[in-house]
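J.: Listed below are the residues making up each chain.
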Amino acid sequence: MGWSDPGPPGQEPGQLVDDLRRGLHALGVEGSYLLVGHSMGGLLSRLFAAATRTR
Amino acid sequence: MVLVDPRDVTQAGIYADEELATYEGVIGLYGLVGRLGIQRWSSANTELLQDLPPRQRDESAALGLSYRQLRGAQAEWELGNRAADAVALSDVPLVTPLIVLSASEADSSFDERQRAAFTAQHAQLAARSPRWEHREVVGADHLTVVTRADHAQAVSAAVQELFVQPHSP
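Protein chains in written order, with our numbering: chain A, 1 to 55; chain B, 1 to 169.
By construction, these hints were calculated from the structure, which means they are not laboratory data. Relax, there's no trap hidden among the hints.
Some but not every residue of chain B turned toward chain A, in silico, with C-beta under 7 Å: (1) 80; (2) 82; (3) 83; (4) 86; (5) 87; (6) 90; (7) 92; (8) 94; (9) 96.
If you want the ones that stay clear, here's a sample from chain A, every Cβ over 10 Å from chain B, calculated: (10) 19; (11) 20; (12) 21; (13) 25; (14) 26; (15) 27; (16) 29; (17) 30.
C-beta: ideal position from N, C-alpha, C; glycine also.
Looking at chain A on its own, in the form it has when it is part of the complex (with noise of 0.2 Å):
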């Protein structure tokens, strides 16, 4: 979307879920977190929850 570049076609949401966990491991950002959700990925933030559920 936007001016990114194309991800690989096919993309499920676990994928981008371990994409934002891998992100802030990349960054050093430890939780706990505070996820700010638009649209679908309000839906990814409550995937995010339930996969990292110390966090």
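Starting from the known structure of chain A, arrange chain B on it as the hints suggest.
T.: The following block gives chain B in isolation, referenced to the frame of chain A:
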């Protein structure tokens, strides 16, 4: 965690099959005429972009006409449906606070019927967390929250207000 206007678990119930089929057809048609350079930006989206600085408005309009963006929108739509399915199927209970904000106004992306349906689903989604809050943000709709400063401020104010409150219902 804060969720703003997410697509939710029964989205397929909101959009009849013929509406989804129409949407996919429109994407393809817009993409074709966009590549041919004969598509004009719709009045609805012109209104959506009107408060942007001139350069951003022109770039956004040009991007919106591109086949790349339209194909991306279609892919995102489908991905959104899969994300909604994943949330619906998730049986992992949340231990984190969950705030869900819903738009109070319809817009060019979701009409009033869809907005009301989403709002009802947002309430159900919020209630699946042990610590939750659900609110309709007056003055906010789905799209203009990212283009109009006053709408964004309405959402920010709601987030900040809710964040400092105890979240147990």
